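J.: Residue numbers (this note's numbering), protein chains in the order written: chain G, 202 to 292; chain V, 8 to 102.
What the hints contain is simulated information worked out from the structure, not anything from laboratory work.
This structure is a prediction, so every number in the text was calculated from the model and none was measured.
Every residue, glycine too, gets a C-beta built ideally from N, C-alpha and C.
Do not take every clue at face value.
As the list claims (entries may be wrong) - Computed cross-link-like contacts, DSBU-like style, restricted to lysine-lysine with a CA-CA straight-line distance of at most 30 Å:
#1 G/LYS275 - V/LYS12
#2 G/LYS276 - V/LYS12
#3 V/LYS63 - G/LYS212
#4 V/LYS28 - V/LYS12
Claimed, not checked - Covered stretches of chain G (in silico footprint by chain V; criterion: 3 or more residues with CB under 8 Å from a CB of chain V, positions within the stretch not fixed):
#5 203-214
#6 238-245
#7 257-263
#8 277-285
Below are the chains, spelled out letter by letter.
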Amino acid sequence: MNKLEMISALKKEANISKSEAAKVVQIFFDSMADALSEEERIEIRGLCSFFIKNYKSYTGRNPKTGDKVQIQPKKLPFFKCGKELRERVNK
Amino acid sequence: MALTKNKIVEQVNDLGFTKKKSVEIVESLLEIIKRSLEENEDVLVSGFGKFCVKDKSTRRGRNPATGDDLLLEARRVVTFKCSGKLRDRINSGKE
Chain G
202 MNKLEMISAL KKEANISKSE AAKVVQIFFD SMADALSEEE RIEIRGLCSF
252 FIKNYKSYTG RNPKTGDKVQ IQPKKLPFFK CGKELRERVN K
Chain V
8 MALTKNKIVE QVNDLGFTKK KSVEIVESLL EIIKRSLEEN EDVLVSGFGK
58 FCVKDKSTRR GRNPATGDDL LLEARRVVTF KCSGKLRDRI NSGKE
């Protein structure tokens with residue numbers, strides 16, 4: 202499912218217009234992206250939580266050529282599946 | 008301070024919906040995402056990332072506290088892959 206399919210599903214399920222559904226989907230992912238870029242945690246009960254994890258610099262290898270490469274320190278969002286979602290997906 | 012469902016509902020509220028309707032809309036959206044993953048269909052959000060469903064096979068594990076051997080059953084899990092755009096945005100901020 203992509204964003205467009207999500208918008209039309211929301212339009213139908215919540216009985217709102219397509220442009221309203223598009224705005225809601227935008228708000229949802231924008232506010233999560235905003236939170237993560239400010240290193241703020243996200244907790245959406247039943248769905249998932251996110252926090253920013255700091256990774257230190259390390260020496261990696263190019264898997265194709267075997268060359269050593271220095272990987273710079275980076276931040277990545279760490280995803281944790283919510284209880285309800287975990288149970289529904291795994292049944 | 009964390010981003011919660013409540014703050015998202017407040018922003019939907021600002022679009023002009025009643026409080027009750029805003030809660031309903033956000034719950035519908037969450038349900039759509041959960042249902043898609045439950046039906047084994049990945050959720051792709053351009054500019055944010057993708058939520059994928061992965062099948063894990065049975066493996067031998069260990070209880071880290073006691074060191075006992077145990078068998079982990081095959082299961083299905085949700086993984087998240089951050090989009091390049093979001094990753095760049097997260098890493099462009101202050102260190």
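J.: Are the hints correct? Go through all of them and say.
T.: Checked hints:
1. G/LYS275 - V/LYS12: Holds, at roughly 28 Å.
2. G/LYS276 - V/LYS12: holds (24 Å)
3. V/LYS63 - G/LYS212: violated (34 Å)
4. V/LYS28 - V/LYS12: Status holds; Cα separation ~14 Å.
5. 203-214: holds (count 6)
6. 238-245: Holds: 8 residues of the region 238-245 of chain G have a Cβ under 8 Å from chain V.
7. 257-263: With 0 residues in contact (Cβ-Cβ under 8 Å with chain V), the coverage given for the region 257-263 of chain G is violated.
8. 277-285: Holds: 5 residues of the region 277-285 of chain G have a Cβ under 8 Å from chain V.
Checked against the numbered hints given earlier, this structure breaks hints 3 and 7; the rest are met.
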